[in-house]
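Can you build the whole structure from these sequences, using the hints too?
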Amino acid sequence: MTQHRFDLLHPVRQWLDHLEIHNPEVAQFIYKAIPAQCPFERDIKILGRTLFHIPPMCKLNPLYDQLVGLRFRAMCYLVDECGIDLQVWS
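Every number in my numbering is 11 more than the matching position in the sequence shown, counting from 1.
Treat the hints with care, since some could be wrong.
For lysine to any residue, the following SDA-like pairs were computed, each having C-alpha atoms within a straight-line distance of at most 20 angstroms [to be verified]: (1) Lys70 with Gln48; (2) Lys43 with Glu31; (3) Lys43 with Cys93; (4) Lys43 with Leu89; (5) Lys70 with Ala44; (6) Lys43 with Asp28; (7) Lys43 with Gln77; (8) Lys70 with Val23; (9) Lys43 with Asp76; (10) Lys43 with Ile32; (11) Lys56 with Pro66; (12) Lys70 with Pro46; (13) Lys43 with Arg84; (14) Lys43 with Cys69; (15) Lys43 with Asn72; (16) Lys70 with Leu19; (17) Lys43 with Val79; (18) Lys43 with Asp96; (19) Lys43 with Ile95; (20) Lys70 with Cys49; (21) Lys43 with Leu74; (22) Lys70 with Leu27; (23) Lys43 with Leu81; (24) Lys70 with Asp54; (25) Lys70 with Ala47; (26) Lys70 with Ile45; (27) Lys43 with Phe83.
It should be emphasised that the hints constitute simulated quantities derived from the structure, not laboratory data.
Keep in mind it's a predicted model, so treat the numbers as computed, not measured.
Okay, structure coming up:
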């Protein structure tokens with residue numbers, strides 16, 4: 012028996028995956044707003060014993076892969092289409 016899961020975020024994932032960038036200001040905003048790396052991961056320790064582990068924030072965001080892809084497309088647009096040197100913003 013096949014089980015079909017209903018994914019409430021599927022339409023948002025599809026929209027983000029197919030979003031095209033044609034505006035330098037929008038591309039700059041996306042590039043600056045979405046971090047290049049997954050935010051912190053921590054082990055909370057007391058007296059050398061790990062009490063609990065906080066996973067990377069990207070593991071908690073169900074749209075992380077789509078957002079990173081969107082940032083990459085914005086970065087490519089800025090470099091390839093606009094000729095912008097991104098080291099200025101780094």
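Original post:
Which hints, by number, does the structure contradict?
Top reply: Checked against the structure, no hint fails, so every one of them is satisfied.
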